[in-house]
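*Asks:* Starting from the structure of chain E, add chain G where the hints point.
Number of protein chains: 2
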Amino acid sequence: MARIITISREFGSGGRTIGRIVAQELGYNFYDRELVDAVAAESGMTPKFIEEKGEYANSTRSFLFNLAITGGTAGSSLSMYDRVFIAQSKLIKQFAQEGSCVIVGRCADYILRERTDTLHVFVHADIKSRVERIVNVYGETDKAPEKRLAEKDEKRRVYYKNYTGTDWGNMRNYQLTVDSGFLGIEKCAQLIIDCARE
Amino acid sequence: MARIITISREFGSGGRTIGRIVAQELGYNFYDRELVDAVAAESGMTPKFIEEKGEYANSTRSFLFNLAITGGTAGSSLSMYDRVFIAQSKLIKQFAQEGSCVIVGRCADYILRERTDTLHVFVHADIKSRVERIVNVYGETDKAPEKRLAEKDEKRRVYYKNYTGTDWGNMRNYQLTVDSGFLGIEKCAQLIIDCARE
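Residue numbers (the numbering used here), protein chains in the order written: chain E, 81 to 278; chain G, 81 to 278.
This is chain E alone, in the form it adopts within the complex:
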């Protein structure tokens, strides 16, 4: 039985919805927005700032590089991004310690990589399904949703690379990856629950 489930996901793939279903079915805590609010409370920054900076890169200079040039001290030379990452990492580890949970995004797979009671999942989908989802479900009104998807994915990819040194969406880092465009949201949730119960 996996006590902790991390769900990484492409933007618009429904990974958050899938995570919520999995958490409800298993009776696990669910951390997504909840994590944003907790990081905000911990760091004194606003939830809006955390949401924007906590998963999307805006710089190509990596956290690992910053740590290296500061000699590993999390000192005053660290950026606001780095501070958010540090606060997030601390809380993710704490939540994982406290009880069974599903955590969506935020490099949780990497942050919890040394635990053995985890199931790491990645949810992806074809562009067409994701565009449909962000327009119909998220209510996005952008005139070029494909471009927005590509930008969001790229920012997540760079963020992940910056903070983990490894590639976002490399299936070898996940015990299960699912295509929600093909399988559907409900089926993906079922598969994850099925694996978690193993």
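Hints are supplied without guarantee of correctness; some may be wrong.
Put simply, identical chains are the same to the list, so a pair is met inside one copy or across any two.
EDC-like cross-link-like pairs, simulated, lysine to aspartate or glutamate; straight-line CA separation at most 20 Å [what the hints assert, rightly or not]:
#1 K267 <-> E278
#2 K235 <-> E194
#3 K128 <-> E220
The set of hints was computed from the structure by calculation and includes no laboratory data.
Small disclaimer: the values here were computed from a predicted structure and weren't measured.
*Replies:* Then chain G, alone, in the frame of chain E:
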């Protein structure tokens, strides 16, 4: 219901065994060794040659490059590798047309990419599980099984790249990827059957 299931796999991950279980459970044809024999019969080459050349690269010059420099004619300038690939592709398409089946390896996911009645799966596992498997199940006696695994994977990767122009093991090309080291052979087979029945 997916009528055709392709299973790509890392060497030693048990993908072939998983494919056999799936085929048996669903009552589908199963093509692995069977495909080697059919290609041999079709091409006049020996099964041993097909097995060696039909999935492992031995050259960095790609099929697509060869086709380009010969102006797209599959003429006498094509290598034995290329001839095996062409014979394999033809048979894979034919088998897929003839009836429900599970096909293991041999770029079948790419060759059948335009069909819509398919489920494409990739099976991977950590090095430790794969070493255990090739030593205990396949009976490999090599003194450096890790090195052998790495070489086999690399040859499959290069072969795939040469013949498809895309990356081997990119999860976005698969509706499902599973870690057989973590989930176990039986569970992986069940998950695939579950998705195929969807």
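*Asks:* Which earlier hints turn out false for this structure, listed by number in ascending order?
*Replies:* Going through the list in order, the structure violates hint 2 alone and respects the others.
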